[in-house]
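Trainee: Those sequence lines, one after another, are chains A and B.
Mapping of the first sequence onto the numbering used here: position 163 corresponds to residue 163, and the numbering continues sequentially without gaps.
Mapping of the second sequence onto the numbering used here: position 125 corresponds to residue 125, and the numbering continues sequentially without gaps.
If you are wondering where the hints come from, they were derived from the structure by calculation, not from laboratory data.
It cannot be assumed that every hint is accurate.
[What the hints assert, rightly or not] Keeping only pairs whose Cα atoms sit at most 25 angstroms apart, straight-line, the calculated SDA-like set for lysine to any residue is: (1) B:117 to A:39; (2) B:127 to A:551; (3) B:120 to A:392; (4) B:103 to A:523; (5) B:174 to A:555; (6) A:548 to B:221; (7) B:194 to A:39; (8) A:427 to B:115; (9) B:117 to A:555; (10) B:117 to A:365; (11) B:120 to A:39.
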Amino acid sequence: MRGLVSLRLVAVCVACYATFNATNLAAATYWSIGSYSDQRNALNEAARIQPALSSAVIIQSPSSANTNYRLLIAADDLSVKPSLERLGIKGVWSVTVNGDLAKEQVLRTTNDMATGTETQADSAVKPGINGSTSWGVAGSFDDQENAVQLEAQLADHFEQVSVKEFLIDGRTLYRVLVGPMNDPTTARKMQLSEVDLSALWILRTEVQSTALTPIHIVPNGQNMVRDGRNIALPTIGNTTGAGTRALPDSSRALPASGIKNDEYNLARLAIQDPPLITENKSNGRWSSEVGFESRVFRDPGLLNLERYHAAMSFQAEYYQTWNDGDDIFAFVPFARIDAQDDERTHFDIRELTWVHVADNFELRSGIRKVFWGVTESQHLVDIINQTDTVENPDGEEKLGQPMINLSLLRDWGVFDLYWLIGFRERKFSGPEGRPAYPFEISTDQSEYESSAEARRSDFAVRWVQSIGELELGISHFSGTSREPRLVPQFILQNNLPTSVILIPYYDVIEQTGLDAQLFLGDWAFKLEVISRSGQGNRYAAATAGFEKTFVGFAGGRGDLGVIAEYLFDERGAEGPAVGQDDIALGLRYAFNNAANTTALLVALIDRASHEYLTTFEASSRLGERLKLTVEASVINNTRNIPRGFLGLLEVQADPNADLAFFQDEDFIKFELIWYL
Amino acid sequence: MMKRRWARHFFSVLGLVLAGTAIAESAEEKGLAIAIEADLRDQGWIDSQVQMEMVLRNAKGNESKRRVRLKTLEVSDDGDKSLTIFDTPADIKGTGLLSFSHKQGDDDQWLYLPALKRVKRIASRNKSGPFVGSEFAFEDLSSQEVEKYTYRWLRDETFEGQATFVIERRPVDKNSGYTRQEVWLDQAHYRLLKVDYYDRKQSLLKTLRSIGYTQYMNKYWRPAKMVMLNHQNGKSTDLLWNEYRFSTGLTEKDFTRNSLQRAR
């Protein structure tokens, strides 16, 4: 039963209020004057109003289409309106009934139900009052093309199908309308046809059919009817100025007669305004966000810099699909304006991509972001995109990479081929920027191993597969290293070094990576291993560890995750500042609340230098459109490094003091993101 | 003599006990039969697409909303596959959850975080945890397979004017957040009208009501609204289901890591 009007009417006859024969119900329209979950309340209310009315009050028992006890009166009696108003009943709406369920099922199998019903209904259903007109809305789309598609499909079944543009809450929707029709039986025909239009609803306007031009409808449905199960007719003389009828007031309060509704008053729970339709074919969506950021550094640092830093960011996204979602276009521009650091003030196209989806492959072209890997403390395997270091020193932000990526879907996994077109240099904060490098990094003098420099094309392949509880990925990258070696160059005056600058040097490397994650109950074991050649001798590096989740920690709603990872680099002291022989310990807590509050605390312990890097991240939604994030980073260094150039030289001379020159760069950052 | 009388008495008591057991067994069989019938009546829809709005309400009545799109693929010999995409709130827009439920053992779940472009397998033992801060737990929303519970018929009862079966079901999985559930199904269509959830301490935790059932494809009943009320914290969550479509032509390929990443 795609019950549009097919109410299963097993009406309860309450002898003292009305005599009622089910067969008389065939093809008639009734006004619903109240809806109650509790039969006693319905009876009490019927008892209250019946003496004041000339028409019989019918109590309709709950059915599949309507879970409440409903009070109905025959709709042909307009004289009851003043009486109802005197009783304080204003929100009246109409229901059309077509016989009992058994009859309907028989009719449906005979296949000519549509015509039969029409004749039946025509005799009983009143034509539109006040010259109003109804349309059946078969679908609403953001994209006109999709609406036209549906229109074409429906044109085979109905004579009058059209697409009209509506402006609803500042948003343009294309509605496929069937009609106009003076009575709801056309809609019933539609509903019973082979086309599945179970979501059909009736739009009613006061305007003439020819004048149905874009209609401005106030949001939140106060004057829209979205109920696929009932054809709504105009309320008694209570049409609104906007030309559409008011929502049925199914939540009318009970008279204060001490009647206790049960806990779930279905009258109150009755389906309110369902959300506006957003077809998943919906097209051409813009969204954007603005971020306001404030960073406070604990002290001026080795270079005696500003402690308070302010910045703003803007990111937009345009997303469009076509070919039934098989083609996707996305554009994500990003801009950062930093009050202190000119190098941090930057613009980037995070994404400008076209994706084509076929049965067993996907072709993704353009500027994209790709993430590989499983561990928390560092991402060794992840290599496709350049890190946006100025955006965030934690390395999680990436620059868009131009590429063509062919993704093959096979039974044995997903196999990705990447052609990475051109290279993006790493950016470093400028002389006023923080966290500060105590050396000038001269990106203007960057050097490359490849003669093609930043125009070199790189290649990568990756295979991923889920095997039961195991997630496995194997990848290989061949091209210019994303992380430069920083080569010191002394500035000499009279053969004496007066200062040092660092020149980024980009080697051509080969890197093979493995990432694996195994779930055993609440335990997730994680491993990332790489082997890289091209930067000195071939070397290996790895991150291995686990995360154990305590669901509903301490009897609460939240989940606690305990993270432990070991970071290893074969190069030892010659390796990077972080990760040659380090332990990462972390706690993650998800509050599982409506604001989606989460917090992550990670301590990274360098076993050789006994330096500690502690980071904290937390975020929470504020209302529907704001999100607050807090980030903090603290470095504990056991050494006492002198300020100024001597300190810098000492830092550079001692490989075990890798983090030392960041010792005064502790900061806390607040960011408020506003989703427009 | 005395001894023999005692023995006779013993056997008559034993007989009573056995009879009692027989009755209990039939209640379990009846409960299982009802569950199987409900399951059979909901087979053959192949796939479905629906939009859903979640309204989270705290004890003070403050609301917060989420809008999601949900695609489901019926898997006949195992649990269903589903893909959930969040449209609002804005900060989680494009976040996807891919879930392969299983008749036995833990479900497989992957989360896609669009800001990081990261597909993350998530610990699927997390059955009892709240789904995006709502009063629905993951296990309340995952595909309800017959094998996930043991059953017992309790009584027949008229519930809100409809003849219903009331059955008890106990989760097989020891990681479930419930000891048992009481389920009201209408006898006419085997539709789930109400569920009472009892927590591990055996006290009433939540009540689910499904209302506004509509039949699709002349066979499958779906509610327009589901209301979960948590009795212990006073919070509630409504699910408003909108625009159900069935047999839309989805295949296994719409439920992969790749499809999870591109659905926005």
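Trainee: I'd like to know which numbered hints this structure contradicts. Please list them from smallest to largest.
Mentor: The structure breaks hints 1, 6, 9, 11; every other hint is satisfied.
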